[in-house]
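*Asks:* Using the hints provided, position chain L relative to the given structure of chain E.
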Amino acid sequence: MSAVTVEATSAAIHVSALHKYFGENEVLKGIDFQVDAGQVVCVIGPSGSGKSTLLRCVNRLEEPTSGQILVEGIDITDPETDLDKVRARIGMVFQQFNLFPHMTVLQNLCIAQRTAKRRSKAEAVEVARANLAKVGLAEKESAYPAHLSGGQQQRVAIARALSMDPDMMLFDEPTSALDPELVGDVLAIMKQLAAEGMTMMVVTHEMGFAREVGDKLVFMDGGVIVEEGDPREVLADPKHDRTKAFLSKVL
Amino acid sequence: MYAILVVVVVFLAASVNWTKVHDNFWAPGLGGNWHDLILTGLKNTVIYTAIAFGLGLVLALALALLKLSPVAPYRWIATVYIEIFRGLPALVTILLMAFAVPIAFGWHVPGGTVGAGLLGLVLVAGAYMAETLRAGLQAVPKGQAEAARSLGMGPVATMAHVIIPQAFRVIIPPLTNEFVLLIKDTSLLSIVGATAGQRELTNVARDFLTSGPTAGTGTSLTQVAILYLVISLPLTRLVAWLEKRQQRAR
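Residue numbers (my numbering), protein chains in the order written: chain E, 2 to 252; chain L, 15 to 264.
Chain E on its own, in the form it takes in the complex:
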């Protein structure tokens, strides 16, 4: 364990020299990136810029081609690392919610607690109910996902991730699949989480959220980080031409 690890332990997520190929196509071209504990980092960029791939490398849903990723100082690219244990500490929320359709809301929240954390049924249910209440859906615990709106499903998905008591949360375009009028409820919960000090990495198109809640904004394009900094500064006064071009289209 060298100086790299010691230095990196202060960071929740520390990515260095990350490359990712899909076949011949290089999607990430050497990413150096850091999220400190308690920080909210928003990642923006055009589609195909590699932002979702970067996020998915952090819990190794995508296999990095080369480079190093430390999560709370643990090298998750090391084959010796117990991935399931690390993943249980990283909550992830998907664009398409990915709730388990054959389980009720409560079962969705309990299954990983029971199998991965080996919690007793009573404890799992207690944690699940607390998190459902937190996202304002306590009365939906017996419903099946198909009977919920998109916004409700995404809130359940957040509650499911929170039920594992994660140290950090990854959000992969959490509001992109939602009807506009349902976006606000999900963003409100994310704001609340940020206010509670949760470490968050958010791939998003919600510039308002980034400006209001983000501690750092990262703009990616073409597989590289083009610009990063304080969200208010980057959004108001982008330094790089590509950032300017992108922001002029979305703002």
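Please note that the accuracy of each hint is not assured.
[What the hints assert, rightly or not] List time: in silico DSSO-like cross-link candidates among lysine-lysine, alpha-carbon distance up to 27 Å: (1) E/Lys141 / L/Lys198; (2) E/Lys217 / E/Lys135; (3) L/Lys57 / L/Lys198; (4) E/Lys240 / E/Lys250; (5) E/Lys250 / E/Lys217; (6) L/Lys156 / E/Lys118; (7) E/Lys30 / E/Lys240; (8) E/Lys118 / E/Lys141; (9) E/Lys250 / E/Lys30; (10) E/Lys30 / L/Lys57; (11) L/Lys156 / E/Lys86; (12) E/Lys122 / E/Lys192.
[Stated by the list, open to error] Residues of chain L clear of chain E, computed beta-carbon distances all greater than 12 Å: (13) His49; (14) Val106; (15) Gln152.
Keep in mind that the hints were calculated from the coordinates and are not lab data. Think of the CB as a built atom: it goes at the ideal place given N, C-alpha and C, for glycine as much as any other residue.
*Replies:* Chain L only, in chain E's frame:
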């Protein structure tokens, strides 16, 4: 169109020698121990079907998981197995298992030749159901496994709690179909020697073709044919209903 159909049916009915049909397919007086034997046969048909289906399903699940494995040699093993046992006639597999394999390997399967033949049926059923299961497992969206894995669930828990239950919803109609096919395929076991208590429906009927008061007529086969229909028709109707319900659920 219907008029033509009616004419053809009437013509066929008129041209048939009904006395001969009656004597050959519905001769009176099967009597004797027919009733007891046919009940034993019915019981054995149901038992053999259940065993072939149950063990075949376990085998099929193992083969389907091998076939979806990222490890190439595992996929090859499953592919070779499936192609061989789907390519062979079930009757040939049953005969090989009943007569050649026990001698070659010095086995003694419980149940003698019937037990060995039944094992052959399991091997065939597993090969057919493996393809159905593989399709069902692949029909589950990739995001489901990703969600489970990102929550820290291991590969086994993900399969058992998330993927397999959803796959089974998709494949219940084709699996029921497979079950009906297996009911009928148990009749192939009548080819291997069985003790009186081991005989299934077709075997029982076959004995009565050459012995008993209706020897020389097909009466026992007709009655067994009706029994097969009584079991399989409700199941095929069930498949149709399940498929309809599934389409509506989409």
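*Asks:* Broken hints, numbered, in rising order?
*Replies:* Numbers 1, 10, 12 - these are the hints that the structure violates, sorted from lowest upward.
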